[in-house]
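Listed below are the residues making up each chain.
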Amino acid sequence: MPYTLSRRDFLKTTTAAGAAMIGGSLAGTNYAAAAGEVNWLAWGGHVESQGIDAFYRESGIRVNHIGMSGNAETFAKLKLSGASQYDLVEADGLWPRRYLEDGLIEPIDIDSIPNAAKNLYSQFKDNPALKSSDGKLLMLPWGWNPTILIYNKNRIAEAPTSYEALLDPKYKGKVAMSDQHEMLWPVAAAILGYDNPFAMNKAQLDKAKDVLIRIKRNAPTITKGWNEQMRLFIEETIWIGLSTPGRALTITEAGGPEMGWQAPKEGYYGWIDGDMLMKGAANKEAALKWLNHIHSPEYVATNFKRLQRGCANKAGVEALIAEGKEKMVQANLMDQPEIALNMRLVEAPQNPDEYAAAWNEVLAAT
Amino acid sequence: MTDTPNLRRGEPDEARHRASSRDGTGNPVPWAILPSVALQLALFAAPLAIMLLYSFWTSRNYQIVAEWTLDNYKTFFASWTYPWVLFRTLWTSFIITAVTLLAAYPFTYFIVRYTSRWQKVLIGLVILSFWTSGLLRAYAWMAILGNGGIINKGLQMLGLIDGPLPFLIYSTFATVLVMTYFSFPFAVIALYTSLERMDWTLVQAANDLGASPARAFLHVTLPQTMPGVISASVLTFVTAIGMFFVPLLVGSSSSIMIAPLISNQMQAFQLGLGAALSFIIALIVMTILAAAWRYVEPKH
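Residue numbers (numbering that gives the first Met the number 0), protein chains in the order written: chain X, 0 to 365; chain Z, 0 to 299.
Some hints could be false.
As the list claims (entries may be wrong) - Result set (DSS-like, lysine-lysine): computed pairs, CA atoms no more than 27 Å apart in a straight line: (1) X/K201 to Z/K73; (2) Z/K152 to X/K169; (3) X/K78 to X/K169; (4) X/K206 to X/K135; (5) Z/K152 to X/K206; (6) X/K76 to Z/K73.
Calculated directly from the structure, the hints in this document are not laboratory data.
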């Protein structure tokens with residue numbers, strides 16, 4: 000006889016299943032709350048899943064990573080939707096000041112994070128640009144790099160010494176241009192001789208926009224992310240562009256041409272990124288424990304081996320050298336933290352609406 | 000539960016349908032359409048209303064401020080930048096639509112007219128491309144069209160070209176080609192529906208009466224499949240106007256389309272201007288849909 004399910008049976012079964020599911024999820028919630036959790040809004044490049052797993056096994060604290068994009072977009076999102084759902088958020092350069100001004104973060108006492116206090120290079124933990132008036136850190140520094148010129152040595156015999164090279168007609172179609180306009184305004188300002196690329200007035204911004212349009216006309220495309228740009232360098236579609244020193248080595252090691260890098264005579268900007276503690280973070284203690292974990296030499300070495308750039312953590316760099324990664328360390332200036340002090344740092348533009356409109360005009364230009 | 004009048008066996012579907020949407024008195028049942036209206040409001044009208052509201056508000060210093068202004072619309076018309084990009088987007092979308100139709104119509108015609116056993120399989124193969132992410136497929140096209148891609152490398156290995164073909168990638172050609180690839184399945188499905196329903200005996204009759212194949216196609220086949228052609232055109236055109244990642248990945252940096260500009264506005268939190276741009280495009284799309292509806296709507 001075929002089995003038939005009556006309406007009553009169906010209701011009983013679904014009710015029991017629903018109750019079991021709700022019970023299970025509540026039990027899970029209680030467990031997570033008891034063990035603690037951290038909501039971490041961070042760039043994917045900083046995340047090592049094995050590190051998160053190891054931290055969970057060790058502390059019972061679950062780290063929930065939420066991916067983030069650019070500085071301006073993240074700041075705007077937090078302003079719109081509130082920051083209370085996050086414990087830690089990342090930023091670049093002088094953006095933490097902007098977060099502090101808007102009451103979104105609270106300074107970090109580095110002594111509450113022993114690994115950071117012990118392992119960070121002094122150039123980063125004592126950097127006045129990253130500190131509040133009472134001497135606390137606005138952001139726990141993680142990676143850094145200057146943005147300089149990199150070039151294909153097979154195609155460009157003499158190292159370019161100025162940003163003007165990006166405008167040179169002989170490189171038409173061969174210039175790299177990324178959509179990170181935050182790094183492009185300093186180039187235009189340097190060429191025009193303006194002091195602060197993030198505080199240009201309307202007339203200056205118009206001229207800077209024209210410079211970027213000229214660079215765009217030398218570029219085959221506006222790249223979206225490093226991987227696309229690296230591919231174009233490898234296949235020699237592009238020969239010259241803005242990037243970080245270590246990436247010259249990355250391109251060559253990935254099968255591309257021999258690459259060189261040069262700091263332009265106009266000076267250079269750069270970035271230092273890191274983690275900020277949100278004001279009134281619901282899971283502050285767990286967040287500080289997580290920051291302590293990621294500043295261990297093991298986590299740092301794993302992360303910077305995977306994604307190479309300058310490193311703010313001395314013990315992590317020493318761990319990489321101990322693994323025989325001297326070439327990588329040197330190429331990425333990891334062992335020369337003093338260079339970070341020569342960089343000017345990216346920051347929030349003073350009139351963001353005008354900067355956004357100007358960038359749109361750069362994109363729209365033929 | 001609604002009381003439905005007893006329907007006689009064999010009563011036409013239309014009458015059955017009419018009866019089910021009315022109460023015993025023959026009046027329409029208003030609450031029967033409530034779920035549909037609620038869905039429309041939540042998923043279509045509400046987001047559109049928010050966008051409209053934002054387009055008349057001010058964005059300042061990473062915040063949306065509820066100060067009424069027409070500045071966002073004025074910005075659109077203040078310089079040639081935005082109208083020109085919009086015109087370029089409409090023109091490129093028109094070309095994409097035309098190329099898609101020229102590719103999809105003969106393809107679908109062949110499937111419907113000359114295959115029977117393999118018809119469903121061939122249509123299935125067209126739809127298969129939906130199974131993978133659009134972004135992934137766009138990156139695959141970059142690997143095909145790029146300077147170090149299959150085509151350029153292949154032609155260079157055969158000694159047919161010395162250097163990469165400059166128009167293959169980062170060009171309007173690449174945008175049209177890749178967008179045609181993306182629109183092709185939509186167009187095929189829309190055309191298939193029309194061609195499958197066609198009365199082929201009319202074509203036979205035209206031939207018997209001495210019409211040439213071209214004349215029979217223009218005067219018999221094409222008019223009968225016009226709803227499908229219009230549906231395919233609308234689907235392709237609307238998709239092309241709003242396409243964001245294809246022009247960015249394979250298009251020329253000197254001929255950007257409007258969607259990436261809107262995206263840039265939104266990322267920079269210029270919600271007012273972004274919303275105004277979106278709403279202008281939405282108006283254009285709705286006008287196109289309204290015009291197309293006249294042809295798609297079956298005439299009784």
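Outcome of the hint check:
no., hint, in the structure
1, X/K201 to Z/K73, "holds, 18 Å"
2, Z/K152 to X/K169, "holds, 25 Å"
3, X/K78 to X/K169, "violated, 45 Å"
4, X/K206 to X/K135, "violated, 39 Å"
5, Z/K152 to X/K206, "violated, 41 Å"
6, X/K76 to Z/K73, "holds, 26 Å"
Hints 3, 4, 5 from the list above are not met by this structure, while the remaining hints are.
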